[in-house]
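Undergrad: Chain by chain, the residues:
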Amino acid sequence: AQKVTQAQTEISVVEKEDVTLDCVYETRDTTYYLFWYKQPPSGELVFLIRRNSFDEQNEISGRYSWNFQKSTSSFNFTITASQVVDSAVYFCALSETGANNLFFGTGTRLTVIP
Amino acid sequence: DTGVSQDPRHKITKRGQNVTFRCDPISEHNRLYWYRQTLGQGPEFLTYFQNEAQLEKSRLLSDRFSAERPKGSFSTLEIQRTEQGDSAMYLCASSPESGGETQYFGPGTRLLVL
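Chains as they are written, first to last, in this note's numbering: chain A, 46 to 159; chain B, 299 to 412.
Simulated from the structure, these hints should not be mistaken for laboratory data. Think of the CB as a built atom: it goes at the ideal place given N, C-alpha and C, for glycine as much as any other residue. It is possible that part of the hints are untrue.
Said to hold, decoys possible - Within a straight-line C-alpha distance of at most 27 Å, the following computed BS3-like cross-link-like pairs (lysine-lysine) qualify:
{"hint": "1", "chain 1": "A", "residue 1": "Lys48", "chain 2": "A", "residue 2": "Lys115"}
{"hint": "2", "chain 1": "B", "residue 1": "Lys312", "chain 2": "B", "residue 2": "Lys355"}
{"hint": "3", "chain 1": "B", "residue 1": "Lys369", "chain 2": "B", "residue 2": "Lys309"}
{"hint": "4", "chain 1": "B", "residue 1": "Lys309", "chain 2": "A", "residue 2": "Lys83"}
{"hint": "5", "chain 1": "B", "residue 1": "Lys312", "chain 2": "A", "residue 2": "Lys83"}
{"hint": "6", "chain 1": "B", "residue 1": "Lys355", "chain 2": "B", "residue 2": "Lys309"}
{"hint": "7", "chain 1": "B", "residue 1": "Lys369", "chain 2": "A", "residue 2": "Lys48"}
{"hint": "8", "chain 1": "A", "residue 1": "Lys48", "chain 2": "A", "residue 2": "Lys83"}
To be verified - Partner residues are not named here, just some residues of chain A that face chain B (Cβ under 7 Å, in silico):
{"hint": "9", "residue": "Leu93"}
{"hint": "10", "residue": "Arg95"}
{"hint": "11", "residue": "Phe136"}
{"hint": "12", "residue": "Phe149"}
{"hint": "13", "residue": "Thr151"}
{"hint": "14", "residue": "Gly152"}
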């Protein structure tokens, strides 16, 4: 059975601090995809990244970086030099081979304090 | 704007009434998904269409729920005899194909059943 755990329910940081959001997943598939989405107060889910299970390279996009480790079934997300606009709920999601749906974690609410 | 659009953005209804939501996917996407998100939770999969065919429905989609995508373009989600437990955000997403392709979400329809 698939499972996505985001143990951090809420995180608060002061602007310019770095913050890491944790995601741990469970799946029996050897081929799967992992995603991160951002949900600002407006409600729309904004796609951030997709990672194939065969690609363990870390990725950096501006202030965002992702650390994928199959050995620990984790796909963590780091925001460097956080800004107030980063305040949102962040969701990690899993898609298994042949599945048509995304399976989401419960999200982490990030508040960046000016 | 060529993103996923949903209408209405907000709906307040009385228990027992029927409601219908509309989703317009990204034009070149043949896959369309509906999710439901309750407060403090991640989105949960309801159903998915490939073109006009509804190929999967989750157990969450009770008999009071029906979804259509008559011409393989826009989709509607109808809830009959609404209950207070139906209050949630209903999210629509589209993708060019399944199997891990990124799903792009619309702004959602927030339903409140009084």
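Undergrad: None of the hints should be skipped; say for each whether it holds.
TA: Hints, one by one, checked against the model:
At roughly 15 Å between alpha-carbon atoms, Lys48 (chain A) and Lys115 (chain A) fall within 27 Å of each other, so this suggested pair holds. Of the supplied pair hints, the one linking Lys312 (chain B) and Lys355 (chain B) holds, its CA atoms being roughly 26 Å apart against a limit of 27 Å. Taking the CA atoms of Lys369 (chain B) and Lys309 (chain B), the gap is about 25 Å. The hint holds against a cut of 27 Å. A hinted pair counts as satisfied when its Cα atoms are at most 27 Å apart, and Lys309 (chain B) with Lys83 (chain A) qualifies at roughly 24 Å.
A C-alpha spacing of about 31 Å is found between Lys312 (chain B) and Lys83 (chain A), which places the hinted pair above 27 Å, so the restraint is violated. Taken as a hint, the Lys355 (chain B) and Lys309 (chain B) pair is honoured in the structure, with Cα atoms around 23 Å apart against an allowance of 27 Å. Restraint check for Lys369 (chain B) and Lys48 (chain A): not satisfied, since their Cα atoms lie roughly 35 Å apart, outside the 27 Å limit. The suggested pairing of Lys48 (chain A) with Lys83 (chain A) holds, with an alpha-carbon distance near 19 Å, which does not exceed 27 Å.
With its C-beta approaching chain B no nearer than about 10 Å, Leu93 (chain A) sits outside the 7 Å limit, and its interface hint is violated. At about 5 Å, the closest approach between the beta carbon of Arg95 (chain A) and any beta carbon in chain B falls short of 7 Å, and the interface hint on this residue holds. For Phe136 (chain A), the interface hint holds, since its Cβ comes within 7 Å of a Cβ in chain B; the closest pair sits about 5 Å apart. Restraint check, Phe149 (chain A) versus chain B: the minimum CB separation of about 3 Å is within 7 Å; hint holds.
The restraint placing Thr151 (chain A) at the interface with chain B holds, with a minimum CB-CB distance near 5 Å, inside the 7 Å limit. Annotation: interface hint on Gly152 (chain A) holds; nearest CB of chain B at approximately 5 Å, less than 7 Å.
Comparing the model with each earlier hint shows violations of hints 5, 7 and 9; every other hint is respected.
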